[in-house]
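Going line by line, the protein sequences match chains A and B.
Residue numbers for the first sequence follow the working numbering, so the first one is 74 and each next one is one higher.
Residue numbers for the second sequence follow the working numbering, so the first one is -12 and each next one is one higher.
If you're looking for bench data, these hints aren't it; they were derived computationally from the structure.
All values derive from a computational prediction rather than experimental measurement.
Just to be clear, a hint being listed does not mean it is correct.
As the list claims (entries may be wrong) - Here are some of the chain B residues that sit facing chain A, going by a computed Cβ distance under 7 Å:
no., residue
1, Gly29
2, Pro30
3, Phe32
4, Asn38
5, Phe52
6, Ser53
7, Phe61
8, Pro100
Yeah, the Cβ is synthetic: ideal placement off N, Cα and C, and Gly gets one too.
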Amino acid sequence: AQTVTQSQPEMSVQEAETVTLSCTYDTSESDYYLFWYKQPPSRQMILVIRQEAYKQQNATENRFSVNFQKAAKSFSLKISDSQLGDAAMYFCAYNSPQGGSEKLVFGKGTKLTVNP
Amino acid sequence: DTGVSQNPRHKITKRGQNVTFRCDPISEHNRLYWYRQTLGQGPEFLTYFQNEAQLEKSRLLSDRFSAERPKGSFSTLEIQRTEQGDSAMYLCASTQFGTLIRSSSYNEQFFGPGTRLTVL
Chain A
74 AQTVTQSQPE MSVQEAETVT LSCTYDTSES DYYLFWYKQP PSRQMILVIR
124 QEAYKQQNAT ENRFSVNFQK AAKSFSLKIS DSQLGDAAMY FCAYNSPQGG
174 SEKLVFGKGT KLTVNP
Chain B
-12 DTGVSQNPRH KITKRGQNVT FRCDPISEHN RLYWYRQTLG QGPEFLTYFQ
38 NEAQLEKSRL LSDRFSAERP KGSFSTLEIQ RTEQGDSAMY LCASTQFGTL
88 IRSSSYNEQF FGPGTRLTVL
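Pulled out of the complex, with its shape left as it was, chain A reads as follows (with noise of 0.2 Å):
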């Protein structure tokens, strides 16, 4: 079964400052994709940003980018410029089209917080 360990239970950042988010999963699929979402206090989850496995480039979205270690199956998310609007639990999780369903496998989440 596939799995996804988050260890930080909580972050802090300053405003302005860049912050990491540490994530690893195991899995024995060649085929899957990782994401990131963003959950806000009392508002729905969105994507923040997502990886497919067979790509060897790291993704990025603006001031999001992943680290993204296949061999390691490491998938770390950098927050650049961290923003007030930053703030929430961010969960990292895995899915992938070999099993059928494509459910979304999740992390226990972090907490961030931007100071500032």
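Given chain A, work out where chain B should sit, using these hints.
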């Protein structure tokens, strides 16, 4: 289309009562997922539909839980004889499955705001 909607947003019930939640997916999406999120945890998969067919159910989905998606549009999740352990956020997500081209939005699941259930 304004995205995935869920109703009610909050539900408080007494142990032993039945509750039903509704999810309206993005209109063109053929797949609909239900997840459960307990405090301090990430969402866990419960079940999913492709059109009106329920194709997989998690072992978390006990026989007190039932889900439907009539006509492949909205979905309902019913919990019978609720227990305090059912208290959680129930999330719905939808996606368009089956596109041949892996576009930038391939298999992205769009989430609703969730229904928070409290069982007293």
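For each hint, the structure was consulted:
Hint status for Gly29(B): holds, given a least beta-carbon distance of 3 Å to chain A, under 7 Å. For the restraint placing Pro30(B) at the interface with chain A, the shortest Cβ-Cβ distance is roughly 5 Å, inside the 7 Å limit, so the hint holds. Below 7 Å, beta-carbon pairs count as interface contacts, and Phe32(B) has one with chain A at about 4 Å; its hint therefore holds. With its C-beta approaching chain A no nearer than about 14 Å, Asn38(B) sits outside the 7 Å limit, and its interface hint is violated.
This hint is violated: Phe52(B) has a C-beta 16 Å from the nearest C-beta of chain A, more than the 7 Å allowed. Taking 7 Å as the C-beta contact cut-off toward chain A, the hint placing Ser53(B) at the interface is violated, the least distance being around 18 Å. With its C-beta approaching chain A no nearer than about 17 Å, Phe61(B) sits outside the 7 Å limit, and its interface hint is violated. Hint on Pro100(B) holds. Least Cβ distance to chain A is approximately 4 Å, under the 7 Å limit.
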